[in-house]
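So the protein sequences, as listed, match chains A and B. All the letters of the first sequence, read from the start, carry residue numbers 1 to 239 under the UniProt record's numbering. All the letters of the second sequence, read from the start, carry residue numbers 1 to 239 under the UniProt record's numbering.
By construction, these hints were calculated from the structure, which means they are not laboratory data. Careful, some of the hints might be misleading.
Given that identical chains are not distinguished, each listed pair holds provided it fits within a single copy or across any two copies.
Capping the alpha-carbon separation at 20 Å, the derived lysine to any residue pairs in SDA-like fashion look like this [unchecked claim]: (1) Lys220 with Ser107; (2) Lys59 with Phe223; (3) Lys59 with Ile89; (4) Lys6 with Ala86; (5) Lys103 with Glu167; (6) Lys232 with Val174; (7) Lys220 with Glu167; (8) Lys75 with Glu95; (9) Lys103 with Phe226; (10) Lys134 with Ala86; (11) Lys6 with Leu222; (12) Lys103 with Val65; (13) Lys103 with Ala224; (14) Lys6 with Asp211; (15) Lys134 with Val74; (16) Lys6 with Glu32; (17) Lys232 with His170; (18) Lys103 with Glu32; (19) Lys220 with Tyr109; (20) Lys232 with Arg64; (21) Lys99 with Gln209; (22) Lys6 with Asp73; (23) Lys232 with Ala175; (24) Lys140 with Gly22.
There are 2 protein chains.
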Amino acid sequence: MSEAIKLFQYNTLSALMAGLYGGTLTIGELLEHGDLGIGTLDSIDGELIVLDGKAYQAKGSDGRVEVVEVSEDVKVPYAAVVPHEAEVIFKQRFEMSDKELEKRIESYYDGVNLFRSIKITGHFAHMHVRMIPKSTSDRKFAEVATHQPEYTQDNVSGTIVGIWTPEMFHGVSVAGYHLHFISADHTFGGHVMDFVISEGIVEVGAVDQLDQRFPVQDRKYLFAKFNMDELKDDIDKSE
Amino acid sequence: MSEAIKLFQYNTLSALMAGLYGGTLTIGELLEHGDLGIGTLDSIDGELIVLDGKAYQAKGSDGRVEVVEVSEDVKVPYAAVVPHEAEVIFKQRFEMSDKELEKRIESYYDGVNLFRSIKITGHFAHMHVRMIPKSTSDRKFAEVATHQPEYTQDNVSGTIVGIWTPEMFHGVSVAGYHLHFISADHTFGGHVMDFVISEGIVEVGAVDQLDQRFPVQDRKYLFAKFNMDELKDDIDKSE
Numbered sequence: 001m002s003e004a005i006k007l008f009q010y011n012t013l014s015a016l017m018a019g020l021y022g023g024t025l026t027i028g029e030l031l032e033h034g035d036l037g038i039g040t041l042d043s044i045d046g047e048l049i050v051l052d053g054k055a056y057q058a059k060g061s062d063g064r065v066e067v068v069e070v071s072e073d074v075k076v077p078y079a080a081v082v083p084h085e086a087e088v089i090f091k092q093r094f095e096m097s098d099k100e101l102e103k104r105i106e107s108y109y110d111g112v113n114l115f116r117s118i119k120i121t122g123h124f125a126h127m128h129v130r131m132i133p134k135s136t137s138d139r140k141f142a143e144v145a146t147h148q149p150e151y152t153q154d155n156v157s158g159t160i161v162g163i164w165t166p167e168m169f170h171g172v173s174v175a176g177y178h179l180h181f182i183s184a185d186h187t188f189g190g191h192v193m194d195f196v197i198s199e200g201i202v203e204v205g206a207v208d209q210l211d212q213r214f215p216v217q218d219r220k221y222l223f224a225k226f227n228m229d230e231l232k233d234d235i236d237k238s239e
Numbered sequence: 001m002s003e004a005i006k007l008f009q010y011n012t013l014s015a016l017m018a019g020l021y022g023g024t025l026t027i028g029e030l031l032e033h034g035d036l037g038i039g040t041l042d043s044i045d046g047e048l049i050v051l052d053g054k055a056y057q058a059k060g061s062d063g064r065v066e067v068v069e070v071s072e073d074v075k076v077p078y079a080a081v082v083p084h085e086a087e088v089i090f091k092q093r094f095e096m097s098d099k100e101l102e103k104r105i106e107s108y109y110d111g112v113n114l115f116r117s118i119k120i121t122g123h124f125a126h127m128h129v130r131m132i133p134k135s136t137s138d139r140k141f142a143e144v145a146t147h148q149p150e151y152t153q154d155n156v157s158g159t160i161v162g163i164w165t166p167e168m169f170h171g172v173s174v175a176g177y178h179l180h181f182i183s184a185d186h187t188f189g190g191h192v193m194d195f196v197i198s199e200g201i202v203e204v205g206a207v208d209q210l211d212q213r214f215p216v217q218d219r220k221y222l223f224a225k226f227n228m229d230e231l232k233d234d235i236d237k238s239e
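Chain A extracted, bound-state conformation:
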């Protein structure tokens, strides 16, 4: 049997939702655990995209999207990465909405009780993303998210990366798809809201185990009071 594939998740989405935005794990350490994934940066300063072992930050700045490679010493409050290994690869040869493509992807799953890694490389007739704006306060994520800039681009090539989470882990992560996009020329990207794919290659990766880490030395995390029902609602609203 080949080596088990571990989804490395640093902190939980609920902690992020609760306003714990301070970075506590370096990008360097994060990249030791996977080459594909998503997350956010210290002070929720935009969206983190991990593609082919490199980390990128997409943020909205003066009404424009900016994408930069992130250096190894930058810290993240929340991220999930995996050593992506495609188990199913298929060509998407005609136009589909995100909802239609998601249905097609799920038709290849062996049940819905394991995490999966997702990689979609292609050309998109339409791509709609958002970026969480930097926030140093303890404002709740769901409040910050109501004012987050959204951007669209038509006819853009690039890659969607992300994680699919079984419902059992909603709260720890977001149930279903959590996808980020980066354009091939690294000038556009963010947290995926919706899209229309023209054509592309879709890879669905197996995940055998969850390696869940906690910021065990972060007093803010340790002593935070989480209202789980509220946080799950916030995840539904924000993610």
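We have chain A already, so just place chain B on it with the hints.
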């Protein structure tokens, strides 16, 4: 920094609640990941107690409790073990109910957002346990649990072992305490319902990470349909 302590959880409590009782991990493999913990055996045949690196099965048989050491080739459908390392140790020198002792234990926690291992060795004025009865059908755990035998013993020495789970992971595990008991003479034990401690030593162990495994080759698990709201209710009722 000392090595990170990992809680090894095999499968999820929700999968067990949904009726997936077939064992898929051997006790031998399980014990490689921890020396203290809880679980159940193949066909939910009683309660699993892992103490000092040894695995015991407590079951109700003809109105009597039977406790036996479990051999390495027996399989489990669900278990959680940890290389227990006490972070806080305290002497409990006077009588307390389980609820009072739990409050005292929690007063030593650094917040409620990390898992913890629990070990309570002492003398108990009263111990009330139950054992899930063997079931090979796909009857829901909550239904089986309504008919499970309960046993009490007064003035018994022994050890309580278990895991404390943060609320965020309810469903994956049971939020709060999940405790099993084994008497010092290995003639009494089971899933702890309530107790009165006379005196004892309480150890609370740190857990830094969750190493969550899934039965990735079990078709029953992969294709099971889980109704999470119902399963969380079942966990509340049964655990």
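Each hint, compared with the structure:
| no. | hint | verdict |
| --- | --- | --- |
| 1 | Lys220 with Ser107 | between (41 Å within a copy, 18 Å between copies) |
| 2 | Lys59 with Phe223 | neither (30 Å within a copy, 39 Å between copies) |
| 3 | Lys59 with Ile89 | neither (30 Å within a copy, 48 Å between copies) |
| 4 | Lys6 with Ala86 | within (14 Å within a copy, 28 Å between copies) |
| 5 | Lys103 with Glu167 | within (16 Å within a copy, 31 Å between copies) |
| 6 | Lys232 with Val174 | both (8 Å within a copy, 17 Å between copies) |
| 7 | Lys220 with Glu167 | between (27 Å within a copy, 17 Å between copies) |
| 8 | Lys75 with Glu95 | neither (38 Å within a copy, 48 Å between copies) |
| 9 | Lys103 with Phe226 | between (33 Å within a copy, 19 Å between copies) |
| 10 | Lys134 with Ala86 | neither (33 Å within a copy, 40 Å between copies) |
| 11 | Lys6 with Leu222 | between (25 Å within a copy, 17 Å between copies) |
| 12 | Lys103 with Val65 | neither (29 Å within a copy, 51 Å between copies) |
| 13 | Lys103 with Ala224 | between (37 Å within a copy, 18 Å between copies) |
| 14 | Lys6 with Asp211 | both (6 Å within a copy, 9 Å between copies) |
| 15 | Lys134 with Val74 | within (14 Å within a copy, 53 Å between copies) |
| 16 | Lys6 with Glu32 | both (12 Å within a copy, 18 Å between copies) |
| 17 | Lys232 with His170 | both (7 Å within a copy, 12 Å between copies) |
| 18 | Lys103 with Glu32 | neither (32 Å within a copy, 40 Å between copies) |
| 19 | Lys220 with Tyr109 | between (38 Å within a copy, 14 Å between copies) |
| 20 | Lys232 with Arg64 | neither (31 Å within a copy, 44 Å between copies) |
| 21 | Lys99 with Gln209 | neither (27 Å within a copy, 34 Å between copies) |
| 22 | Lys6 with Asp73 | neither (23 Å within a copy, 26 Å between copies) |
| 23 | Lys232 with Ala175 | both (10 Å within a copy, 16 Å between copies) |
| 24 | Lys140 with Gly22 | within (13 Å within a copy, 43 Å between copies) |
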